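In case you want the letters, here they are:
Protein chains: 2
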Amino acid sequence: MKLSQFFLPTLKEVPADAQVISHRLMLRAGMIHQTSAGIYAWLPLGYRVLKKIEDIVSREQDIIGCQKVILPTLQSADLWRKSGRYDGYGKEMLRIKDRHERDLLYSPTAEEVITDIFQSHIKSYKQLPQVLYQIHWKFRDEIRPRFGVMRGREFLMKDGYSFDLDYNAAKQTYERIYESYLRTFKEMDLTAIPVKADTGPIGGDLSHEFHVMAPTGESTIYYDAAFETLPDAARTFATMSNLYAAAEEMHDVAQCPIKGEQLKSSKGIEIGHIFYFGTKYSKALGAEVMGPDGKQMTVEMGSYGIGVGRLVAAIIEAHHDDAGILWPKSVAPFDIGLLNLKQGDAAVDALAEDLYTTLRSMNVDVLYDERDERAGTKFADMDLIGLPLQVIIGAKTIKEGLFEVKIRKSGERKMLSKEELFNFIKAN
Amino acid sequence: MKLSQFFLPTLKEVPADAQVISHRLMLRAGMIHQTSAGIYAWLPLGYRVLKKIEDIVSREQDIIGCQKVILPTLQSADLWRKSGRYDGYGKEMLRIKDRHERDLLYSPTAEEVITDIFQSHIKSYKQLPQVLYQIHWKFRDEIRPRFGVMRGREFLMKDGYSFDLDYNAAKQTYERIYESYLRTFKEMDLTAIPVKADTGPIGGDLSHEFHVMAPTGESTIYYDAAFETLPDAARTFATMSNLYAAAEEMHDVAQCPIKGEQLKSSKGIEIGHIFYFGTKYSKALGAEVMGPDGKQMTVEMGSYGIGVGRLVAAIIEAHHDDAGILWPKSVAPFDIGLLNLKQGDAAVDALAEDLYTTLRSMNVDVLYDERDERAGTKFADMDLIGLPLQVIIGAKTIKEGLFEVKIRKSGERKMLSKEELFNFIKAN
Numbered sequence: 008m009k010l011s012q013f014f015l016p017t018l019k020e021v022p023a024d025a026q027v028i029s030h031r032l033m034l035r036a037g038m039i040h041q042t043s044a045g046i047y048a049w050l051p052l053g054y055r056v057l058k059k060i061e062d063i064v065s066r067e068q069d070i071i072g073c074q075k076v077i078l079p080t081l082q083s084a085d086l087w088r089k090s091g092r093y094d095g096y097g098k099e100m101l102r103i104k105d106r107h108e109r110d111l112l113y114s115p116t117a118e119e120v121i122t123d124i125f126q127s128h129i130k131s132y133k134q135l136p137q138v139l140y141q142i143h144w145k146f147r148d149e150i151r152p153r154f155g156v157m158r159g160r161e162f163l164m165k166d167g168y169s170f171d172l173d174y175n176a177a178k179q180t181y182e183r184i185y186e187s188y189l190r191t192f193k194e195m196d197l198t199a200i201p202v203k204a205d206t207g208p209i210g211g212d213l214s215h216e217f218h219v220m221a222p223t224g225e226s227t228i229y230y231d232a233a234f235e236t237l238p239d240a241a242r243t244f245a246t247m248s249n250l251y252a253a254a255e256e257m258h259d260v261a262q263c264p265i266k267g268e269q270l271k272s273s274k275g276i277e278i279g280h281i282f283y284f285g286t287k288y289s290k291a292l293g294a295e296v297m298g299p300d301g302k303q304m305t306v307e308m309g310s311y312g313i314g315v316g317r318l319v320a321a322i323i324e325a326h327h328d329d330a331g332i333l334w335p336k337s338v339a340p341f342d343i344g345l346l347n348l349k350q351g352d353a354a355v356d357a358l359a360e361d362l363y364t365t366l367r368s369m370n371v372d373v374l375y376d377e378r379d380e381r382a383g384t385k386f387a388d389m390d391l392i393g394l395p396l397q398v399i400i401g402a403k404t405i406k407e408g409l410f411e412v413k414i415r416k417s418g419e420r421k422m423l424s425k426e427e428l429f430n431f432i433k434a435n
Numbered sequence: 008m009k010l011s012q013f014f015l016p017t018l019k020e021v022p023a024d025a026q027v028i029s030h031r032l033m034l035r036a037g038m039i040h041q042t043s044a045g046i047y048a049w050l051p052l053g054y055r056v057l058k059k060i061e062d063i064v065s066r067e068q069d070i071i072g073c074q075k076v077i078l079p080t081l082q083s084a085d086l087w088r089k090s091g092r093y094d095g096y097g098k099e100m101l102r103i104k105d106r107h108e109r110d111l112l113y114s115p116t117a118e119e120v121i122t123d124i125f126q127s128h129i130k131s132y133k134q135l136p137q138v139l140y141q142i143h144w145k146f147r148d149e150i151r152p153r154f155g156v157m158r159g160r161e162f163l164m165k166d167g168y169s170f171d172l173d174y175n176a177a178k179q180t181y182e183r184i185y186e187s188y189l190r191t192f193k194e195m196d197l198t199a200i201p202v203k204a205d206t207g208p209i210g211g212d213l214s215h216e217f218h219v220m221a222p223t224g225e226s227t228i229y230y231d232a233a234f235e236t237l238p239d240a241a242r243t244f245a246t247m248s249n250l251y252a253a254a255e256e257m258h259d260v261a262q263c264p265i266k267g268e269q270l271k272s273s274k275g276i277e278i279g280h281i282f283y284f285g286t287k288y289s290k291a292l293g294a295e296v297m298g299p300d301g302k303q304m305t306v307e308m309g310s311y312g313i314g315v316g317r318l319v320a321a322i323i324e325a326h327h328d329d330a331g332i333l334w335p336k337s338v339a340p341f342d343i344g345l346l347n348l349k350q351g352d353a354a355v356d357a358l359a360e361d362l363y364t365t366l367r368s369m370n371v372d373v374l375y376d377e378r379d380e381r382a383g384t385k386f387a388d389m390d391l392i393g394l395p396l397q398v399i400i401g402a403k404t405i406k407e408g409l410f411e412v413k414i415r416k417s418g419e420r421k422m423l424s425k426e427e428l429f430n431f432i433k434a435n
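In the order they appear, the protein sequences are chains A and B.
In this text, residue positions in the first sequence follow my numbering: the first is 8, and each later residue adds one.
In this text, residue positions in the second sequence follow my numbering: the first is 8, and each later residue adds one.
Isolated chain A, as found in the complex (with noise of 0.2 Å):
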């Protein structure tokens, strides 16, 4: 992509209203437009790194068997009325009437109409387990939308639901589903501390949140500090599930095990929640499936969630200094920018021309800044938005027959002969 006809629009100044370093840095990258409180468009910068997470986590749920649905942003009250959620839920649900005065909700999440679902179709025991998992927008009318999308009032979330024959299967899905989280935040740089959680309005007996610390959290929690050092090999269920960690609200410091320096506490930022609540919905609903013994059974369910858009936000979080955003390289919007500081010189501009359809060729996705700009609003972009290499080509490049590279989240340069670059850039 060329940046002259890229839709990027870059922002010098701070901008006064947003009090977090991840929502200035995406409107300042020109990642997002806010269009009505707590409401955000995604901008094709923004949009390019929420559908690389989108990927990550779709790719990661279907390894562990995982089905992908869509399911309706609009759902008939009624259903939320078998649940008893309809009175419950609170202003934060959105209720509208459609022409003919009948209730509608914009879902916030949906065990009902998935619990729904499966009672129409799944019959037999033999058809379990069964995960379903869609990646769709959501409403919450939040009182006061803040932190840009980190809590926006329309968001896109993934949500799963499981549904298992007996206890032990559900919980068995259950740790599955835990450790593929684990995996999934790992492969955008994130480590996740699984804390046990209220669960809230969703109910149900167990419950993990996924938190990434950042000192703009909105919640505290409370850790061993055996979770710092633990490989990676090591973070399975059975093996995090017996470290103490809590969120601030299940922390009780006369009861908490850990003592002293080995208990940490940190703000966090939620990026995911999951929830075992047996046969609360699957009840209600009428969700049941005959037994290997030919008896009716109650399903046990559990759900899933992850903010895919509020990752952008946290990712930003973790990975940022100074200058700007530092993508990791599975979520980054572009592989490479490539920036051209002489504009206009016929040599100058062959090579860099030439570069980009060569790195075009070789699949490697380049934004090229081929703008009539000064070097200096060059750099400052494309530190800002934050692509892992750059590869910066000027009349020294002419002269001396040599590439220079900046590796963005160290700062390193290298000057590399034309075929030391296509080495680089495919090693990394």
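Since the hints were made in silico from the structure, they are not lab data.
Among the clues, some could well be false.
Note: identical chains are not told apart, hence a pair may lie in one copy or across any two.
Stated by the list, open to error - Capping the alpha-carbon separation at 20 Å, the derived lysine-lysine pairs in PhoX-like fashion look like this:
#1 274 <-> 203
#2 413 <-> 349
#3 19 <-> 403
#4 145 <-> 104
#5 75 <-> 9
#6 336 <-> 413
#7 59 <-> 75
#8 9 <-> 130
#9 59 <-> 336
#10 75 <-> 58
#11 302 <-> 290
#12 266 <-> 403
#13 178 <-> 290
Note that the coordinates shown come from a computational prediction; the quantities given were computed from them, not determined experimentally.
We have chain A already, so just place chain B on it with the hints.
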């Protein structure tokens, strides 16, 4: 994917209330589930097709330089008051009040929001042209939703918006998108006829609808018989817009230049609609840029829609037989259906399992029917869901060492050795 684990609720009976063939087949093949009047959940098989269509549409948009965004489903009424459409739109627009009693609406289209975003960020003619698009859910509160996803209330649509400096540039963009739409539909094995159309509530001077001919279409189109024999290379704007084609409301028998047998008519399914409307929205919302001469100019706009969910139904209307769907390869939910007719026979199971694993390692997307069901049920389900190729394994396969392959569309059957089978699959 193993069928015993796949959420595929096929139906033997034809649903009584479904009138058109695509609606019947989508319900019978377990692709969709109605949750309210005109509102559907997309189940795993349906989602897979929807996703393939989305990807084709996106790729073709990206190729011609359009940039993908995501706009909010809920939009502020204020912007729509500025354009004058808030009061004019009627009851099809779903109007909502949030907890602070602010007027929102569920986007039926997005000219206002995108024009407002454009005018906030683009200030110079140097940044033109721009085409921004999204593939996102819309809501139109149809008084009588019908024909399944063909005329639903919540539906998935690609909507794009172009910004150009003057009429000539806008016309070129319009033609570029017109031709790209023909390629997009062609990739899904659909031959679309563009007809001059009324601009309706979007407004404007120039508009084409893209119709697939099908007896179940809601509209009637009149066209020059020459369309039917036009070679692919001649399917350009210049050639096609000179041939007569018009939707019923634009067709005037007295004025029509084509007579007799040269004039054809057909029922059509509208799958795309494009509009050039000049400065209708840019003027109302102040979308101006500085022109080459330093003067402010109001930008020229168009908008471009494809019914992505409706395409699933249109493809089925165009590609089915008495036994079920005949998916074109480009949108098929899986490449191959593998049928094990001797489930439980150790040798046959081992052979089928081995083939399944090998095909997956070749990145072939296989649906493996290893259910404990009669052969007749397996054949019927596989024909119904319409995967392009079936590989059938039974006792004979072991005895003779030959795999039976059925080409779903032609019904042709072949007996192939293992090596021939792999070569055949690679070539198809």
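Open item on the list: Tell me the numbers of any earlier hints that the structure contravenes, in ascending order.
Closed with: Numbers 3, 12, in rising order.
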